Structure formats: C-alpha cells, structure tokens
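J.: Chains as they are written, first to last, in the working numbering: chain X, 1 to 174; chain E, 1 to 225.
Hint data in this document are derived by calculation from the structure and do not stem from the laboratory.
Some clues are possibly wrong.
Claimed, not checked - Straight line, CA to CA, 25 Å or less: simulated BS3-like cross-link-like pairs of lysine-lysine:
1. X:LYS74 with E:LYS169
2. E:LYS33 with X:LYS56
3. X:LYS112 with E:LYS201
4. E:LYS206 with X:LYS112
5. X:LYS56 with E:LYS100
6. E:LYS218 with X:LYS56
7. E:LYS218 with E:LYS100
8. X:LYS112 with E:LYS209
9. E:LYS33 with E:LYS218
What the hints assert, rightly or not - Stretches of chain X that chain E covers, calculated by requiring three or more beta carbons in the stretch to come under 8 Å of a beta carbon on chain E:
10. 34-41
11. 48-59
On a predicted model such as this, the values are computed, not experimentally measured, just so you know.
No residue lacks a Cβ here, since even glycine has one placed at the ideal position from N, Cα and C.
The primary structure of each chain is shown beneath.
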Amino acid sequence: MKTQLTRLFTLLLAATCAIACRKNQNTPQSPFYDQADQMGRPAINTVFISAPDKDKFNVTTPTMMPSVFGSEMKNNLLALNSGYTTNLLGLTADQFIGVVSTDVLSASTTGKTTFFDGTNVLTGRALSDDVIDVELTLIFGGPDGSANPGLTSDHVNANDVPFLGDFPYLAGPH
Amino acid sequence: MKRRKIAIVMAGLVLVIGGIVFAADHMDAPAVKGQTTDITDLYVFEGNNTDNMVLVANSQGLLAPSSTGAASFDPNTLIQFKIDNDGDNVEDLVIQAIVKDGWMHFFGPARPSFTGTRTKIEEESFIGAVQVTPYGAASPIVAMGAHDIKMFAGPRDDPFFFDLDQFHKILAGNATSFNNPGTDAFAGTNVLSVVVEVPKKLLHAKDGKINVWLTTSKAESGLVK
Numbered sequence: 001m002k003t004q005l006t007r008l009f010t011l012l013l014a015a016t017c018a019i020a021c022r023k024n025q026n027t028p029q030s031p032f033y034d035q036a037d038q039m040g041r042p043a044i045n046t047v048f049i050s051a052p053d054k055d056k057f058n059v060t061t062p063t064m065m066p067s068v069f070g071s072e073m074k075n076n077l078l079a080l081n082s083g084y085t086t087n088l089l090g091l092t093a094d095q096f097i098g099v100v101s102t103d104v105l106s107a108s109t110t111g112k113t114t115f116f117d118g119t120n121v122l123t124g125r126a127l128s129d130d131v132i133d134v135e136l137t138l139i140f141g142g143p144d145g146s147a148n149p150g151l152t153s154d155h156v157n158a159n160d161v162p163f164l165g166d167f168p169y170l171a172g173p174h
Numbered sequence: 001m002k003r004r005k006i007a008i009v010m011a012g013l014v015l016v017i018g019g020i021v022f023a024a025d026h027m028d029a030p031a032v033k034g035q036t037t038d039i040t041d042l043y044v045f046e047g048n049n050t051d052n053m054v055l056v057a058n059s060q061g062l063l064a065p066s067s068t069g070a071a072s073f074d075p076n077t078l079i080q081f082k083i084d085n086d087g088d089n090v091e092d093l094v095i096q097a098i099v100k101d102g103w104m105h106f107f108g109p110a111r112p113s114f115t116g117t118r119t120k121i122e123e124e125s126f127i128g129a130v131q132v133t134p135y136g137a138a139s140p141i142v143a144m145g146a147h148d149i150k151m152f153a154g155p156r157d158d159p160f161f162f163d164l165d166q167f168h169k170i171l172a173g174n175a176t177s178f179n180n181p182g183t184d185a186f187a188g189t190n191v192l193s194v195v196v197e198v199p200k201k202l203l204h205a206k207d208g209k210i211n212v213w214l215t216t217s218k219a220e221s222g223l224v225k
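Modelling step: build the complete structure from the supplied sequences, incorporating the hints.
T.: See below:
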C-alpha cells in the first residue's frame, strides 16, 4: 500500500514538474536570437568606427553608442578632414558627432521621406537619395558645402537601373 | 633616418584611414562579413500610398549574377526592424522576418518582449508569409498579410550606388579626388531584400516621427524546426 502511494505520489510530482517546468523553459521551438549586425544611417559604422571596434558597434544598443563611441567617432571625423570646422547644417564636430553617434534612421510619418533634399533633413531614406554625396558634403564641404570640391561628390548620382513603379519598388535582379 | 620617419608616419596614416571604408554598410565588420547576417542597407520611405511606410532590409550584398541563384536567406537568421516611436531611441515596436521552408514569415508591428541585443520572435503578432521570389522569376511574388501589410522577400538589384573603388584610391593616397563621371561599383550587383509596406497608423509615431534601425540576429539553439 505504502509503495503504491509512494509510486502514485512520485508520478504526480513528475507530471506536475513536467508541466510547470516546460512552461518556464526556453523551448527549442522558441529560442532567443543574438544580435550580429546592425544599421541605422548609411556608412556610419564603416566611416566613423575604427576597424577593431566594428563588431562591438554592431552589438551596442543605440542609447549606449554616444558614450562608448563618441570620442572615437570624432577622432575619425578629424582624421578624414583635419580642417573640419562646421558643415552645411551648421554643426561643429561635436554637434555633428552628437547627431550621428546614435545610429538610427529618422523618418517622418507626416511628410516627404528623404535623407536630404536641400530642404528636408533626415526625414527618411528613399531609394533614389544620393546619401553618399550628402555625407561627403557634410564631412568635407565646410560651412557652405563648397570646400574640398574634389571630395564632396563621387559623381555617381543614380542607381544603374530604374526602380519599379510600385511595391516592392526595388528593381529585379541582374 | 628621415626616410624611416616618413615611412612610419605614412604607415600610421594608412592604418588610420585604412580602417575607414566608406560604404553604406557594405564591407562590414569581420564577424558578419560574407555571412547571412551581413546587412548592406536600410531604407525607410513613404509608399505610393502615402498612408503607408515602406521598410527595406538588404543583406548579403555584392552578389554577382552568377552567385545570386545560390544565395539564400538563413532560417537561423532573424531580420528585425526596430522602431522607436517616442524619441528615446529604445525600440517600442519591432517588425520581424525569418525564412522557413522557402517562405518568409513576418511578425509585428509589436511591442518587443525583449529590447536590446537578445530577442525572441513575437509569435502572437504573426502577419503572414510570402514565398521567397526565386532568382529568375519573371515578376516579384508579393503577398498581403494582416492589417493590409504587403510583403516581399527575394533577390533584387542592389539599389545602392557609389564609386567605392575611387574612394579606396583616395584613401590610399593614389588619387586626390573623385572622377567625373564616377563609376558605380555596385552596378550590376544584387542583394537579398526583404520589403514590407505597413500602414503608418500601426507605427503610432509620437510627433510624426519614428527612429528605425535594422538588425540581424542568430538563433541561439541552432536550426529551428
């Protein structure tokens, strides 16, 4: 009798544990995913982060980026353009790095979405935006964008093929 | 003695600027270079229907046509749009995409169970799935899921354009300026794209603005069945 009770008790305990434990477990059907790569605005990691830190940047959350990478990014900006004073947006080196060191892409939900069209600033990123010329001008162009004329445009102003007129917008593969 | 000094300075200069390669997110960090987690670009723009926002995640870039057929999305790689809608740069919503058996599955926009670099699929916010468009398909396969969200996944022409080669020459000191006209190093190359078009109202933007960033993540426990 006692053995049977013990056996029953053990079975009940095992069953309860099986149910309770499974609810709390990280089941194989539902794993965690660990971040590997990250991107906000074009070219931020590639331009402003030194080679040894690129992997670390890719697993740093945006709120942590300024404190961890702000100095490094400013040093790399000045290494690219030692004569940097301000740029077309009127930003000092500190202010410029203050903007780009939190690597997120801002977008407007109420108006035109573009990286920069002369009027709208950082309201999105459209397929046809020449983000390279924008960034080259902000890095090399000086206060009115006219400094270092050989470096502020790569003179590649458009994609090699036209985009689609509708979803999914990107052209078919070559 | 003087020649040696110049050589050291030059070497130092090359080391400094050699670490700075100018491209959207192409030529990325060592851990992801050439992997299925290798992001090339993020785009966020109004749809043709201006009530919608389009989000594009490009990965595995610089695919020559001869390599594109063999390129594929990875069932262990979670592609995630992180969206801050109240201006604190912490994600309030995520839109997730992961491939399984030739179909890209989408989840969100949903408040993430976990913010930061260790996340889970928000299974209860399933949007729908779209068949991955095969290389060589005559037209893109698109599907509409919950909340009128449009979905696409497959190879596309890489929309990025830049004279990367000339920039490398400038960095190496072999050129002092760009050419006019320049040569697009990405012309004729492909990427793997995930494109989703979402009604703006689902993004709950405070003050008409969102901040978006794109991440790729690897499953901790290997192949998910």
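J.: Evaluate each hint against the coordinates.
T.: Now for the hints, and whether the structure bears them out:
1. X:LYS74 with E:LYS169: holds, 23 Å
2. E:LYS33 with X:LYS56: holds, 14 Å
3. X:LYS112 with E:LYS201: holds, 16 Å
4. E:LYS206 with X:LYS112: holds, 17 Å
5. X:LYS56 with E:LYS100: violated, 29 Å
6. E:LYS218 with X:LYS56: Judged against 25 Å, a Cα distance of about 16 Å means the pair holds.
7. E:LYS218 with E:LYS100: Within the cut-off at roughly 14 Å; holds.
8. X:LYS112 with E:LYS209: Within the cut-off at roughly 12 Å; holds.
9. E:LYS33 with E:LYS218: Holds, at about 14 Å.
10. 34-41: holds (count 7)
11. 48-59: It holds: at least three residues are needed, and the segment 48-59 of chain X offers 9 whose Cβ sits within less than 8 Å of chain E.
The structure is inconsistent with hint 5 alone, although it conforms to all the rest.
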